[in-house]
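Kindly produce the complete structure, drawing on both the sequences and the hints.
The listed protein sequences correspond, in order, to chains C and E. Take 1 as the starting number for the first sequence in this note's numbering and just add one per residue. Take 1 as the starting number for the second sequence in this note's numbering and just add one per residue.
What the hints contain is simulated information worked out from the structure, not anything from laboratory work. Hints are not guaranteed to be accurate.
Claimed, not checked - Below, computed lysine-lysine pairings styled on BS3-like, alpha-carbon distance capped at 25 Å:
hint : chain 1 : residue 1 : chain 2 : residue 2
1    : E       : Lys209    : E       : Lys194
2    : C       : Lys31     : E       : Lys49
3    : C       : Lys49     : E       : Lys49
4    : C       : Lys58     : E       : Lys31
5    : E       : Lys32     : C       : Lys58
6    : C       : Lys32     : E       : Lys58
7    : E       : Lys191    : E       : Lys220
8    : E       : Lys165    : E       : Lys242
9    : C       : Lys332    : C       : Lys278
10   : E       : Lys220    : E       : Lys193
Quick caveat: nothing in here was measured; it's all calculated off a predicted structure.
Protein chains: 2
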Amino acid sequence: MALIVQKYGGTSVGNVERIRNVAIRVAQTKKKGHKVVVAVSAMSGETNKLVSLANQMKEFPIGREYDVVVSTGEQVTIGLLALALQDLGCGAKSFLGSQVPIITDSAFSRARIEEIETAGILSELKRGNIVVVAGFQGVDRDGNITTLGRGGSDTTAVALAAALKADVCEIYTDVEGVYTTDPNICPDARKLKKVSYDEMLEMASLGAKVLQTRSVEFAKKYNVPVMVKSSFTDAEGTLVTKEDKDMEKVIVSGVTYNKDEAKITVAKVPDRPGIAAKLFAPLTKANINVDMIVQNVSHDGHTDLTFTVSKADFKKALQLVEKTAKEMKAGKVLSDTNIAKVSIVGAGMRSHAGVASKMFETLSKENVNIQMISTSEIKISAVVDAKYTELAVRALHDAFGLGKGDVEEER
Amino acid sequence: MALIVQKYGGTSVGNVERIRNVAIRVAQTKKKGHKVVVAVSAMSGETNKLVSLANQMKEFPIGREYDVVVSTGEQVTIGLLALALQDLGCGAKSFLGSQVPIITDSAFSRARIEEIETAGILSELKRGNIVVVAGFQGVDRDGNITTLGRGGSDTTAVALAAALKADVCEIYTDVEGVYTTDPNICPDARKLKKVSYDEMLEMASLGAKVLQTRSVEFAKKYNVPVMVKSSFTDAEGTLVTKEDKDMEKVIVSGVTYNKDEAKITVAKVPDRPGIAAKLFAPLTKANINVDMIVQNVSHDGHTDLTFTVSKADFKKALQLVEKTAKEMKAGKVLSDTNIAKVSIVGAGMRSHAGVASKMFETLSKENVNIQMISTSEIKISAVVDAKYTELAVRALHDAFGLGKGDVEEER
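This is how it looks when you write it as C-alpha cells:
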C-alpha cells in the first residue's frame with residue numbers, strides 16, 4: 001500500500017464530465033489499496049475569468065484582495081471533486097490551503113510555501129478518506145489567503161508529496177509525458193521514460209510547458225519522484241527523478257525552443273567597470289527578468305551589449321534601456337522581437353566533449369545563423385531568426401539521434 | 001460618528017459596474033466620518049450556477065462539500081469590492097466568514113450563527129479601514145466552512161450589527177423599502193416609514209421578500225435598527241424597529257400574499273388522540289414544514305384534516321400522507337395546488353376588535369370564498385382560490401385604507 005499524491009490540471013477538470021472522470025481515476029487508485037491525496041487546479045478558464053474581474057476593479061490589483069478573488073477557482077473544484085467521489089461511494093474530504101494549512105510567506109500572487117502541517121490530512125487518510133486539496137493557494141501566518149502564482153498547483157502537489165513522504169507524485173495533464181521535443185514540430189519526437197530533475201528544470205525554464213519550474217526545484221530538493229502522465233489516456237508517463245548512470249550515457253535528451261523572447265542591443269557602450277550593472281539596475285527595479293546576456297570584446301573603449309527579455313516585458317524594457325543608454329552616452333539601441341531560442345538539454349553533456357560544436361555545425365549546415373549563444377552545464381541555447389525555429393529544432397533532433405527510429409531501447 | 005453596517009444583495013453587486021457603484025456609496029458613507037462594515041452577497045446568478053454544478057456531481061449534495069462550493073460566490077464579491085474601494089483611495093480589507101470568524105453550528109447549508117469575534121474587524125476600523133465581510137457564510141468550531149441558507153447575507157449583516165453594537169444596519173436591495181402591499185398588484189401601495197419587528201416577521205414569513213425571516217428575528221432579539229432601502233436610488237427607506245405608540249394606532253400596516261403553497265386534505269380521519277401527531281410525524285422526519293392546519297369538529301367519530309405545505313415539498317408530502325392515511329384507515333386524500341394565502345398584518349390588531357370580520361366581509365363582498373383561516377396576534381391569513389389573489393389583495397388594501405390617497409401623514 002502506497003501513499004500517492006495526484007495532481008489534475010485545469011483541462012483535466014474543465015467541466016462536470018471531466019471532473020467525474022477524474023473521480024473515477026482517483027477511486028480506482030484508492031481501490032487498489034493506496035492512500036490518495038489529490039491536488040486540483042481551477043476548471044480551465046475560471047482563473048482567467050477571475051483575473052479579468054479583478055483587473056476591471058483596480059488598475060494594479062495584485063495584493064491581498066486579488067488573491068481572495070482568484071483562489072476561489074480551486075475552491076469550487078475541490079468541493080465538486082469531493083462530491084463526485086462521494087457519489088461513487090468513496091469517503092472524501094476537501095481541504096483549502098488555509099485548512100491544511102499550507103503556510104506560505106506573505107508575497108501575494110507569488111507566495112512561497114514555508115511549511116505544511118500534515119496532521120489533518122494524515123488523520124483523514126487514516127479514516128480511509130480520500131483527501132482533496134486546493135492547488136495554487138496557501139495562507140500566511142496572519143491568516144491571509146495567498147496564491148503561489150500561475151501553475152502553482154504543480155508546486156502544491158509536489159510540496160504535499162514531500163511533506164507527506166509520499167511514494168510518488170503523479171502529475172496528470174493534457175500531454176502523455178515529457179518528449180524529446182515538441183511533437184507538433186517533430187512527428188518523430190519520442191516520449192522519455194525518465195528524465196533527471198536538472199534536465200526537467202532546464203526544459204521547463206526553456207519553454208517546455210509540462211511542469212512549473214518551481215515544482216521541479218521542490219521535487220529535486222526533497223527528492224520526490226514525479227510521474228507526468230495524461231489524464232485522458234492510460235499511457236505510461238515520464239518519471240522525473242534523480243540522475244542515474246543511464247541518464248549520463250545519453251548526451252542530449254531533448255530539444256526545446258522558446259519564441260517568447262525579444263532581443264535588445266545597446267551599441268557602443270563605454271567600456272568602464274560597473275556599466276552593465278548601471279544598464280540592468282532599472283530593469284531589476286521594474287521586476288523584468290533578463291535571460292541571455294552577451295557582451296563582445298571591446299573596440300576603442302566601446303563594446304556592444306545584447307540581451308533578451310520576455311516579449312511581455314519588451315516594451316517597458318526598451319523604454320528603460322533607451323533612457324539609461326542616453327545617460328551613459330552609449331550609441332544606438334537596436335531591438336528585434338523576431339527571434340527564437342533553440343536549446344539542447346542533456347545530463348550527459350557534463351562528461352561528453354564536442355556537443356556544442358556539433359550543435360553549431362548542424363545549424364550551419366542548414367544555413368541558420370546563430371545570433372547569441374548561452375550555455376550551462378547541461379544545456380546549450382542559441383538565438384536564431386524566428387522563421388528558422390522549426391527547421392533548427394528538427395535538424396538538432398535528428399543530429400543527436402533523438403527520434404523514435406534512432407533508439408532501440410527507450411530510456 | 002456612527003458605526004454603520006451596510007448590506008448589498010446580489011442584484012446590487014450583479015456586475016463590475018454595479019460593484020463600482022456600491023463602492024462609491026460606501027466611500028461616501030465613510031467620508032461623512034462614519035465607520036463602515038459592509039456585508040455582501042454573491043453576484044446575482046453566481047450562487048445558482050454553483051448550486052447547479054454541485055447538483056450535477058451528486059444526487060443529494062447538501063453537506064460539508066456543498067458549502068465549500070457555494071460559499072465561493074461571496075468570496076469573489078468581497079475581494080472585488082475591496083479592490084474597487086482601494087481604487088477610490090479608501091483603505092479596505094475583506095474578511096471571509098472564517099476570517100472574522102463568524103462561528104456557527106455545523107448544520108451545513110442552514111447553519112446558525114453562535115458567536116462573532118469582533119476584535120479583528122474593530123482593529124481594522126480603528127486603522128481607518130472599511131471592512132468588507134462575506135455574507136451567507138461562517139465557520140464551525142472544527143474549521144469547516146458553513147453557509148446560512150438562502151438570503152443568509154441579511155442575517156450576516158444584522159448579526160454583525162448586533163455584535164459590533166452598530167448604530168444602524170442598512171439593507172440595500174432592489175426595492176425602496178417595505179410597502180403596504182406588492183406595488184405590482186396595487187399601484188396605490190405606499191412605502192412605510194416604519195414597521196415593527198413583529199410586523200416585519202409576519203410579512204417576511206408570509207411572502208414579502210424584502211428581508212429574510214431569520215435576520216428579523218436576530219434584529220428583534222438584539223434590538224438592531226434595520227433600515228431597508230434601494231441601492232439604485234437615494235430614496236428614504238423603511239425603518240424596521242421596535243414597536244412604538246404610533247404603530248399601535250395603525251390597525252393594519254400591510255397586505256401580503258403567497259402563491260407558493262399547496263393544500264392537502266385527509267377526509268374521515270378517525271378522531272382519536274394522537275392521530276394528528278401520527279399524520280405529521282413522517283413530514284417532520286422528511287424536513288417538510290407544515291404551515292396552516294385546520295381540523296374541523298368531529299362527525300361520527302371522524303374528522304377532516306386540512307393543511308398547507310410549500311409547493312416545493314408538495315409531491316413528497318402527498319406521498320407520505322397517502323401512506324399514513326391508508327395505515328390509519330382514513331378516507332380519501334384530496335389536494336389542491338391552485339391556492340393562495342392572503343394575509344393582513346398590523347401591530348394595532350392587538351388592541352382593536354372586529355378586524356377579522358372586516359376582512360371576511362371584504363372578501364365576501366367580492367365573492368371570494370375563504371377555504372382556510374389562520375390567525376396570530378398581529379396577523380390574519382385566509383386561503384383562497386389562486387385566481388382571486390390580486391382581487392383579494394386590492395380589496396383588502398382598499399378596505400383598510402392603506403393607499404397613498406388614504407393617509408395624510410405617512411407613518
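We went through each hint and held it up to the structure:
no.	hint	result
1	E:Lys209 with E:Lys194	17 Å, holds
2	C:Lys31 with E:Lys49	32 Å, violated
3	C:Lys49 with E:Lys49	15 Å, holds
4	C:Lys58 with E:Lys31	20 Å, holds
5	E:Lys32 with C:Lys58	23 Å, holds
6	C:Lys32 with E:Lys58	23 Å, holds
7	E:Lys191 with E:Lys220	21 Å, holds
8	E:Lys165 with E:Lys242	16 Å, holds
9	C:Lys332 with C:Lys278	17 Å, holds
10	E:Lys220 with E:Lys193	18 Å, holds
Of the hints listed earlier, the one the structure fails to meet is number 2.
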